[in-house]
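**Q** Those protein sequences? They're chains A and B, same order as listed. For the first sequence, my numbering puts the final residue at 802, and the numbers step up evenly by one. For the second sequence, my numbering puts the final residue at 1604, and the numbers step up evenly by one.
Just so you know, not all the hints are guaranteed correct.
Claimed, not checked - Interface residues of chain A toward chain B, partial, derived using beta-carbon atoms under 10 angstroms:
(1) Leu83
(2) Val255
(3) Cys297
(4) Gly298
(5) Leu319
(6) Val521
(7) Asn528
(8) Leu535
(9) Leu541
(10) Thr702
(11) Glu718
(12) Ile727
(13) His754
Said to hold, decoys possible - Here are the simulated DSBU-like cross-link-like pairs (lysine-lysine), alpha carbons at most 35 angstroms apart as the crow flies:
(14) A:Lys596 to A:Lys675
(15) B:Lys1443 to B:Lys1477
(16) B:Lys1398 to A:Lys345
(17) A:Lys296 to B:Lys1238
(18) B:Lys1158 to B:Lys1147
(19) B:Lys1444 to B:Lys869
(20) B:Lys1477 to B:Lys1444
(21) A:Lys296 to A:Lys436
(22) B:Lys920 to A:Lys67
(23) A:Lys436 to B:Lys1098
(24) A:Lys296 to A:Lys106
(25) A:Lys436 to B:Lys1238
(26) A:Lys67 to A:Lys640
(27) B:Lys1477 to B:Lys1398
Quick caveat, the hints were computed from the structure, so don't treat them as lab data. These numbers were taken from a predicted model, which means no experiment stands behind them. Note that beta-carbon positions come from the ideal geometry of N, C-alpha and C, so glycine has one too.
There are 2 protein chains.
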Amino acid sequence: MSNNAAAEEEGDSVTRPLLLPLSLRRSSSNATSQLAIVGSNLCPIESLDYEIIENDFLKQDWRSRSKSQICQYIFMKWMLCFLIGIVVGLIGFTNNLLVENIAGMKFVVTSNMMLARKFWAAFFVFSTSNFALTLFASLITVLISPEAAGSGIPEVKAYLNGVDAPGIFSLRTLVVKIVGSICAVSSSLHIGKAGPMVHTGACVAALLGQVGSKKYGLTWRWLRYFKNDRDRRDLVTCGSAAGIAAAFRAPVGGVLFAFEEMASWWRSALLWRAFFTTAAVAIVLRALIDFCYSGKCGLFGTGGLIMFDVTSESVSYHLGDVPAVILLGVIGGILGSFYNFLLDKVLRIYNLVNGKGRISKILIACSISIFTSCLLFGLPWLASCQACPTDASEPCPTIGRSGNYKKFQCPPGHYNDLASLIFNTNDDAIRNLFSKNTDSEFHVSSILIFFTACFFLSIFSYGIAVPSGLFVPVILTGASYGRFIGMLFGSRSNLNHGLFAVLGSASLLGGSMRMTVSLCVIILELTNNLLLLPLIMLVLLISKTVADAFNGNIYDIIMRLKGFPYLESHVEPYMRQLTVSDVVTGPLQLFHGIEKVSNIVHVLKTTRHNGFPVIDEPPLSETPILFGLILRAHLITLLKKKAFLPNPMTTGIDAFDQFTAGDFQKKGSLGNSDKIEDIDLSQEEMEMFVDLHPFTNASPYTVVETMSLAKALILFREVGLRHLLVIPTISNRSPVAGILTRHDFMPEHVLGLHPLLPKMAKAGLVVCNFRLAWSRFSQATPSQFGTRLLASGHHADFSGPN
Amino acid sequence: MSNNAAAEEEGDSVTRPLLLPLSLRRSSSNATSQLAIVGSNLCPIESLDYEIIENDFLKQDWRSRSKSQICQYIFMKWMLCFLIGIVVGLIGFTNNLLVENIAGMKFVVTSNMMLARKFWAAFFVFSTSNFALTLFASLITVLISPEAAGSGIPEVKAYLNGVDAPGIFSLRTLVVKIVGSICAVSSSLHIGKAGPMVHTGACVAALLGQVGSKKYGLTWRWLRYFKNDRDRRDLVTCGSAAGIAAAFRAPVGGVLFAFEEMASWWRSALLWRAFFTTAAVAIVLRALIDFCYSGKCGLFGTGGLIMFDVTSESVSYHLGDVPAVILLGVIGGILGSFYNFLLDKVLRIYNLVNGKGRISKILIACSISIFTSCLLFGLPWLASCQACPTDASEPCPTIGRSGNYKKFQCPPGHYNDLASLIFNTNDDAIRNLFSKNTDSEFHVSSILIFFTACFFLSIFSYGIAVPSGLFVPVILTGASYGRFIGMLFGSRSNLNHGLFAVLGSASLLGGSMRMTVSLCVIILELTNNLLLLPLIMLVLLISKTVADAFNGNIYDIIMRLKGFPYLESHVEPYMRQLTVSDVVTGPLQLFHGIEKVSNIVHVLKTTRHNGFPVIDEPPLSETPILFGLILRAHLITLLKKKAFLPNPMTTGIDAFDQFTAGDFQKKGSLGNSDKIEDIDLSQEEMEMFVDLHPFTNASPYTVVETMSLAKALILFREVGLRHLLVIPTISNRSPVAGILTRHDFMPEHVLGLHPLLPKMAKAGLVVCNFRLAWSRFSQATPSQFGTRLLASGHHADFSGPN
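Next up, chain A with everything else stripped away, as it sits in the complex:
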């Protein structure tokens, strides 16, 4: 009974024992799987269905639609993208505005006290305000929406791959994410706002598409076409692009980020739609920043559309600078993979503590806040005061919020270089590090202290229960490391230290996040220096290559920690040794074209499968034939509406009168969908029959049982399936041999069934680092290094209907 839809029953496998030893063996092989670790309780994870459900009922419904309804659909889809752009642009701007004002006000007050040499009072104000902001952020996160913790990028990425973690797109999560992110970033924690903005964008997109849901009492008929996974996926992709566009004011970078990192399925048409969305973001941001130039936005207003402008008339660099850039790339790659490694370990430790309850989550957040405040206030005292340069382009020491020359504890006419970096908002610190003509401003020891503090603070701050991103901390850490390398090279390089800082950021981003084109464009849009492009490309390539030799992309690591059953685009080599029949397990649950109600109720209650093959047998056809696949949700709708027949005979067109297309629309989120347990049926009704034909998807994708698992996985992923039917090659058997779901392709599942496989693989070949390249290689020239003998023993595992 656990043949199909295994991903869905995983949540259960932890809370109650399963019926069959076979299933037990499978679930025990990845017991940590399918459980969101950070900031969430144990909960089941649903798969999404991107396949087109072509059944007679929906086809008939389609035929009845008019021209104007098609126009409605087209218009609404563009309108929704436009609205996503506008809303995300506004949220991004508000976020920026509030952070700059809250954090700015804090620094102004503290700096004024420092000027008056009231150091203890300054520390008290600084640490108390940080503590209060962090406490508030973590309280709302823990109590209202634990799903809002962290960056949200892994969740959105998994969603776009077809994994629906519950609650990630609720209104609750959206509000907590926005408010929590503003508070947490303002509280001088070492976290960024880009990740939360991506989640916010995706959330806005998902919510706008389902505004009509009854839960919020805002039903709008025009939105009914968007209540399916395919359209929602498109909107969420656009939303995540808008998120990066708003966070970094980088519209093109946002689109590329969504396509390179987030999306699992690409289409040119979707690229255009995402571009439209981010264009809306860009125009909103441009207009609002224009408005702020007149000084109506408080402490916000210094930054234009380019966040960290490093333009210079001519960047001159020559062949001699290439070794420095290569060195930056190599070290950036090593540091980046080390960063990922440490973050993984820290998150695992946090997870143990977080598992103890809400109080411990809040305690961790608060202690990190106090620790950060102490560090930020204490470290600048280590740096010695430096005399102001006589030719400084801005007032020295700076009185006020930003600026390169923080006075801190220094006497008049002097400044504290470490305080300029540390006792500042992250954005201003990056701006200082990227700035040109500041080569002599910072001392080596200050930069080193700053780098070390950044590196570890950002690792320890990410996992706490507040919305937090990784981009800005990584940029900051990378910039300080880049400047340090620049200082080592000194006058031997033509590049100024600001450009070294930019390249350092690029290298650490490449080493940690492993993107290429999108990072390149984002950095370009952040710094507005196109002439640097060849060097940025070089440094990104090197750091990614070096880092890939050690471990994976940071988001993939977090996704694995959270246990999302993510389908990789490459195929594990051992999958070529197996046929699909080797992984299909358990007895298969089938329905007949005309099925007894009690059978359906029994099957729905005793299994958690979400799709069932429908076959027609001799009374209805000459031989048993496969008719199609019916979904659990549609069966429940049928039972709920009680469209029953007194005896098993075909109804024909009657069924269409009893239903509207709305009955079969997907409900907004997991909690809303109907449960089989909620449906009451009388004994009489249980003895009646249902005609499943009009509601069965008559065009399911299929593979023959001798198909290699690797090729079935390619089909499954490329077409975006939830269920894949396995049909027998021998033609006089039952017309369907099994069902494959996402879970059946997970490496843990496959290796659980065939534990000898990896050893055989390792005996012949190096798997670890070459894995990706190797699987490409084996695609080019097919592999099967194991024996088929191993596989043949499992053929008996599945048989016809029973």
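Following the hints, put chain B in place on chain A, whose structure we already have.
**A** Only chain B this time, still in chain A's reference frame:
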């Protein structure tokens, strides 16, 4: 006999009559199809096979490979990308260098004569040199490689979709493309070099991957892993990215162009590889341009890495400028679609003339050259001379090659504004139009004359038999139209006329080529003005939207003209009315697992299919079962090696000793592959048997016969298939019901079989402009507006093996 591989037999259907009336009916429905029109003879077009052929022989071969061979593969793949980058970078630079020097020298000589007021001599030199260059370019194109005519982008795009037009990637074509493009661009024809550079890049990539081919006597063992369609597709994608990167010095734009416009299959890993390739291009270009700064490159050397720099300290534009931008976008969209419409008509006319033979092709090219020379020399006389501004930043009138103030026929102290645009290389004209602080330099009438000349010249120049691109003419035309709009707005807009020109170029590019993200990044990399980004995004979106209402992308139009069977990513709505069994036609040709040689020879000689299902029947198995699919190429190899059995019994492992993996590698190009007619077999051998099992792909993709055509097409395209097996749902029939190939999914084919479909479609819905959006819509909520009755009549068309 014409069931499968129909695309391949199409060439034939024109030159000799087919056997079956059924086939005849099908081919007559699209007789113009599959024939490259521009610059090529009638020739058959092959499909490419991106599926992984998993047969026992190749699996065994793979198992025998060592660790070091995997390293070889990985290393070689990166090395090839690197080499592609270096070579394409060098070619791009050489191209630029030669064009600037040849065309520059021509203008210097002519200008000097004009200075000396020898007008007729100047005209003679100008037109003669243009004529000679065009004649040479068109001679080598027509005589040596007709495939090199045109931009080559449609051919490469079709290749990446799976259509192999013969000869497009030969060494001949590469040389003609490079030399022809240099000559044609230098000859002041109104054509660009970007399109030919894309083809050049793709060609370099395809050739580097097959350097080992015996034809060129350079066999290298390490390259043997790349002799398959999948790896070649990846390399060609990288090559086309490198082409744009080299032509526009736009590495990121190149990658995006390859992915948005060219590629039909995207993968994140491939994105990274393409990025690596274009990074190599960028570094080569940067180094060479650095070298040229010292003045060693003749007349080349003024342009840096940014071709048309329009940086300014602060671009200030406000809400009031948006209407102007929207107007630019709307008119750009209308102009762009009109451009596509005219180009289509002109190409059809040229095609009729070109069909008359080589002489007529050369005559057209020559007459266009003469006409262009007359126009370029004659038009500036229409403009009145203007007095030099007193505050000009450069010498006026310009003495020498480039510069804004061409003297032409004017008296000293005056300049001819039209000549500054017309009597110049295209690049310099664009630079003049984009330049700031030149608002008063050009007269409205000059800009209008220039715009009209550009628009029509570029349309008439594209189709002649020389390598020619569309990008630069469109940019130039767009820039002049943008400046004209800028003049109309005058002081009511904050934007200077140079920025109007940039936006005008963007709008015409968007209206003609319909790209978004890639055009945006290319324009950014060309002009280095990031602050303009929101406006460029806006103008691109509007122009694309407006133009899409009228007709398609220019490259798609040319592809249709050339008759490439391109698989669109969207599904035609009427395909949902049909099942796959409705389009499978003709008797199916099957082989048995152990087949008689004479049967194989007979089938191979009488059909042109490229894939055959292999089944095992009762003597070998209990019931008939589907074993897999065998390719024609592999069958021919088997026959050639004469690995025959005296009687029909299984051989087991013996076959592996007789073959090496190299025997089954795909040959470089169409002409090289072995033909069945070349194989001599004795009568005795004809009576022997072959064991096909080890060479049969045992994991073919399959669909059941009741699958809707639309969903089968999605599978076919997403997975990149050449053959798709159709299997019956009723289980006691033959195990295979038919084969689908690319041709079976072509709208012409489907409509040929079911001529009533479009009428039924139109009755219910508007198809024309809403088509794309509608098919998306119908994916979200499935459609079937026709009747199934129509389809059912065709079920008898195919039956079991015979």
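**Q** Report holds or violated for the interface hint on Leu319 (chain A), using the least CB-CB distance to chain B and a cut-off of 10 angstroms.
**A** Since the shortest Cβ distance to chain B is 7 angstroms, the answer is holds.
**Q** Can the hint on Leu83 (chain A) be confirmed by a CB-to-CB distance to chain B that is less than 10 angstroms?
**A** violated (15 angstroms)
**Q** With a cut-off of 10 angstroms, does the beta carbon of Ile727 (chain A) approach a beta carbon of chain B closely enough for the hint to hold?
**A** Hint on Ile727 (chain A): holds, closest Cβ of chain B at ~7 angstroms, below 10 angstroms.
**Q** Under the criterion that the straight-line Cα-Cα distance not exceed 35 angstroms, is the pair Lys436 (chain A), Lys1098 (chain B) satisfied?
**A** Holds, at roughly 32 angstroms.
**Q** Would you mind confirming whether the straight-line C-alpha gap from Lys920 (chain B) to Lys67 (chain A) stays at or under 35 angstroms?
**A** Not OK: Lys920 (chain B) and Lys67 (chain A) at ~67 angstroms, beyond 35 angstroms, violated.
**Q** Holds or violated: is there a CB of chain B closer than 10 angstroms to the CB of Leu541 (chain A)?
**A** With Cβ-Cβ at 6 angstroms, under 10 angstroms, it holds.
**Q** Holds or violated: Lys296 (chain A) with Lys106 (chain A), Cα cutoff 35 angstroms?
**A** holds (19 angstroms)
**Q** Let's test the interface hint: is any C-beta of chain B closer than 10 angstroms to that of Glu718 (chain A)?
**A** Glu718 (chain A) check passes; min Cβ-Cβ to chain B is 4 angstroms, inside 10 angstroms.
**Q** Is Lys1444 (chain B) close enough to Lys869 (chain B), meaning Cα to Cα at most 35 angstroms?
**A** holds (33 angstroms)
**Q** With a cut-off of 10 angstroms, does the beta carbon of Gly298 (chain A) approach a beta carbon of chain B closely enough for the hint to hold?
**A** violated (22 angstroms)
**Q** Can you verify the interface hint for Val521 (chain A): is its Cβ closer than 10 angstroms to any Cβ in chain B?
**A** holds (6 angstroms)
**Q** Would you check whether Leu535 (chain A) satisfies its interface hint, that is, whether its CB is within less than 10 angstroms of any CB in chain B?
**A** holds (9 angstroms)
Hint compliance for this structure: hints 1, 3, 4, 13, 16, 22 are broken, all remaining hints hold.
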